[in-house]
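S.K.: Work out the full structure, taking the sequences as your base and the hints as a guide.
Chains as they are written, first to last, in this note's numbering: chain A, 1 to 156; chain B, 1 to 736.
Simulated from the structure, these hints should not be mistaken for lab results.
Do not rely on the hints blindly, as some may be mistaken.
For each label pair, taking beta carbons as the anchor points, the in silico distance ranges come out as [stated by the list, open to error]:
no., chain 1, residue 1, chain 2, residue 2, range
1, A, R120, B, S613, 27 to 35 Å
2, A, R156, B, K375, 56 to 64 Å
3, B, A169, A, R156, 51 to 59 Å
4, B, E461, A, P20, 42 to 50 Å
5, A, G124, B, N558, 41 to 49 Å
6, B, Q661, A, N118, 41 to 49 Å
7, B, G408, A, P20, 26 to 34 Å
8, A, P20, B, D102, 48 to 56 Å
9, A, Q128, B, N42, 46 to 54 Å
10, A, G124, B, S669, 23 to 31 Å
If you want a taste of the chain A side facing chain B, the calculated C-beta under 7 Å gives, among others [to be verified]:
no., residue
11, N30
12, G40
13, C46
14, E77
15, T81
16, Q96
17, C100
18, G101
19, A131
We put the CB at the ideal spot given by N, CA and C, even for glycine.
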Amino acid sequence: MADGIELTVNGKTRRVPAAPDTPLLYVLRNDLALNGAKFGCGLSQCGACTVLVDGKPVRSCSYPIEEAAGKPITTIEGLGTIEKPHPLQAAFIEEQAAQCGYCINGMVMTAAGLLARNPRPSDGDIRQALANNLCRCGTHVRILHAVARAAREMAR
Amino acid sequence: MSGLVLSRRGFIQSAGALTLAFSLAPPSLAAEPAKLPGSLANNRMLDAWVRINGDGTVTISTGKVELGQGILTALEQIAADELDVDPKRITLISGDTAQTPDEGFTSGSQSIEYSGIALRYACAEVKQMLLDLAAKRMDLPHGNYAATVEDGTISFSGKSVTYWELAGAVDLHREAMAGFVPRSPQGLRHIGKSAPRVDIPAKVTGGASYVQDLRLPGMLYGRILRPPSYGAELVAFEEARVRALPGVVAVVRDGRFLGVVAEREEQAIAARDELARAAQWREPTSLPKPEDIQSYLRSLPAEDHVVSSKDGAPAAARSTLEATYTRPYTAHASIGPSCAVAQMKDGALTVWTHSQGVFPLKRDLAKALEMDVAKIRCVHAQGSGCYGHNGADDVALDAALLARAANGRPVKVQWMRDDEFGWEPFGPAMSVKLKASLDDVGKIVDWAHDVWTNTHSMRPEKEGCNLLAAWHLAQPKAPGKPGIIPQPAGGGDRNAVPLYDFPRQKVTHHFISEMPIRVSALRALGAYANIFAIESFMDELARTAKVDPVEFRMRYLNDPRASAVVQAAASHAGWQPNLPGGTGKGRGIGFAKYKNLSAYLAVVVEVEMDRASGATRLVRATAAIDAGQVINPDGLINQTEGGIIQAASWTLKEQVLFNPQHIVSRDWSRYPILTFPEVPAIDVVVLDRPSEKSLGAGEAAQGPTAAAIANAIAHATGLRLRDLPLTPERIKAAFG
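M.R.: Here you go:
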């Protein structure tokens, strides 16, 4: 605990003063001041906390930092910015694919994982990829459109 | 308009539109205060709403808050149009007890109707004051000048002056007179357009958008350990073992309220786990048996209110139908558990909260904490969508109680998933009995609606203290008495009065005070179950009368706007009248005018049934909505799509599970909601009526969607299901 653990997040390496079994989520949010990943359930059920570790979506609420050490971690902040958004972020804005927006981090990051392994997903593929990401406002249809739009943009 | 003299004096040419200038005589001192529109009625000063700043910006204040419904974007559009400024100049302040108007709660689809209309009048008046002041400076004859306004620059022939130059000279600290009619639809640039939501870019890039994202210097993290059940008593507690954990700053015990404050969030969570091991509880068996809940509720004492009756001449009935429909307890089930940050410093408390009503919350916090209300400030910050009264207010008190033990440092408290599911106030279980008679030509001649329900609002309000932790303190505060929300809006009886025109009817609200399970406001209140029942029953009657369900409804709708949405939904869905059923595929319709006061909505849902599993596949939902003058069409569509999906989730999947001791559904595995593979295609048709007043729309889809699904299942299978949710198990059992 005293020494902490080194993590590489969005290309920058930082030492964080947390115990090795600390879920990655709290370190991202509280030590690194990254807002994107959200606490939803702490049980890997809802997906609001999703980030990419080694390019693959993981549930950061139950992913200990000791497992993340030495692997590249990407959060939604690392995808793009308001000024220079990633095609997924641009597509979510274009489709106005949010209501409260609390789940949207998980949608974007899970979709980023999907598009990395399947750049031309069908509607069914997108639905399956997001099957374990919960949205309560009912923004699903727009989210599906946004992911499909991003896939088209990225294929250009 | 008493005390107000209007006289037309001239024309002002304004940015492509013609604005009328009026002269205003001050209201006479003896006169009654003028009745002002919307929330201006209770917040009468212009500068409570609008401030023009010398730096080229405009500050707009509203007591309504962003809940994910897009209200701030819509209010910005309104202010931009009425003031004639670019929206980029506008800063919105919302829901801050130190800065904004008190508009009560952001609830009931009323923000456009109340805050929106107040802003339209206030901004129109401020613009006129600026014009008059500008004209005076130019030595133009009072009330007889022509001017254009473009983004805050007022131009007369050859001369111009900006709002920002006039800012210091215009005195907005006076009562609104509301004498200036807001712009007509022809002159609008922003209202009626699908302006992109102001909050979405930050929400998709990790911007600080939510109270959860608030980080204050020196901030600590808190967690609460609730009792295992409503009535559990704390019989033993070993505080020392929790205090000994790393990072723990304080352990708070007050009666059966237990909380912990730690330096780091994961330490607070670990300490909460230890609190659970350190506390021993005695749990009474105090809840009804879940399988008997509806009959149990109906056995309780009830106040009966006849909320509508019509006594046309009795007619001979050929057939009489009677049916009872039920809904279970339903959770708000916000994705993000409730959260608040509180700081107690120098005897003053500041709470950052996603409450729907910062002013009522402040008053209840004062009662719970026995503090002077003047020493408390509540500031709204967004949270996860709430859809009604969830844990937002409760966690604000939790944070305040922990902040008292934090030596002036701010404390952020977020509930854990099981706190939210176990302790939020649920949407009440309800039962609705309908009885109607058809004459020999299949016409409805008699209609009776009986609804049994608890209250639909136990929000912090007036008497008592409606904050959870206040009931658990060593010196507990009593909750307020449950009450009814009167018609025409209604609470449990919301939309119990049919919009259909029947010659004879009686609608009775059986109001049950005793609440075995904690309940309060959930999106649409009683309208969800009442419309589900009425619209299901209309299909049952149509079937008996051998009339197509769309045609059957049209016979009883006298309001052309109601008929128009029913027809629009049917035609866009490709409704074929009298389509034979029982094929495993079906379609159904549902309709209501929300609250009988707000938006009109009809929806057609198409389903495909899987006989083997009993599962319902939602294929498509096609809705038509009339919300009067639409401020932001895409925002309206977004809200309607969301309402349909959420209502479909309630209808097919959701019920709070409990046993005689406690709530059992405490995570998403026990309280599943609709997922991506289950979501239908959705098509929303907006019937815009720019010359009609704007109507609240955010809850309009809930009831009609439930009925449309049940009617579609009935059409597909011949099975009429009346008990929500319509789970595969129930459908399979009905197949036999």
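S.K.: Now look at each hint and say whether the structure bears it out.
M.R.: How the hints compare with the structure:
Distance hint for A/R120 and B/S613: a CB-CB separation of about 31 Å, consistent with the stated range 27 to 35 Å. Between A/R156 and B/K375 the beta carbon distance is about 59 Å. The supplied range of 56 to 64 Å therefore holds. Restraint check, B/A169 to A/R156: a C-beta distance of roughly 55 Å satisfies the suggested window 51 to 59 Å. Taking the beta carbon of each, B/E461 and A/P20 are about 48 Å apart, inside 42 to 50 Å as hinted.
The hinted range of 41 to 49 Å is satisfied by A/G124 and B/N558, whose Cβ atoms lie roughly 45 Å apart. A C-beta distance of roughly 47 Å is found between B/Q661 and A/N118, which places it inside the suggested range of 41 to 49 Å. Taking the beta carbon of each, B/G408 and A/P20 are about 32 Å apart, inside 26 to 34 Å as hinted. Restraint check, A/P20 to B/D102: a C-beta distance of roughly 49 Å satisfies the suggested window 48 to 56 Å.
A C-beta distance of roughly 51 Å is found between A/Q128 and B/N42, which places it inside the suggested range of 46 to 54 Å. About 24 Å separates the C-beta atoms of A/G124 and B/S669, a value consistent with the hinted range of 23 to 31 Å. With 7 Å as the threshold, the beta carbon of A/N30 comes within range of chain B, its nearest partner Cβ sitting at about 6 Å, so the hint holds. Interface hint status for A/G40: upheld, as the beta-carbon distance to the closest one in chain B is roughly 5 Å, under 7 Å.
Proximity of A/C46 to chain B holds as hinted, the smallest CB-CB distance being about 6 Å (cut-off 7 Å). With 7 Å as the threshold, the beta carbon of A/E77 comes within range of chain B, its nearest partner Cβ sitting at about 4 Å, so the hint holds. For A/T81, the suggested interface contact is upheld, since its CB lies about 6 Å from the closest CB of chain B, less than 7 Å. Annotation: A/Q96 was flagged as interfacial toward chain B, and the flag holds, the nearest CB pair being 6 Å apart, inside 7 Å.
Checking A/C100 against chain B: minimum C-beta separation of about 3 Å stays under 7 Å; hint holds. Hint status for A/G101: holds, given a least beta-carbon distance of 4 Å to chain B, under 7 Å. The beta carbon of A/A131 comes within 5 Å of a beta carbon in chain B, closer than 7 Å, and the hint placing it at the interface holds.
In the structure shown, no violation is registered for any of the earlier numbered hints.
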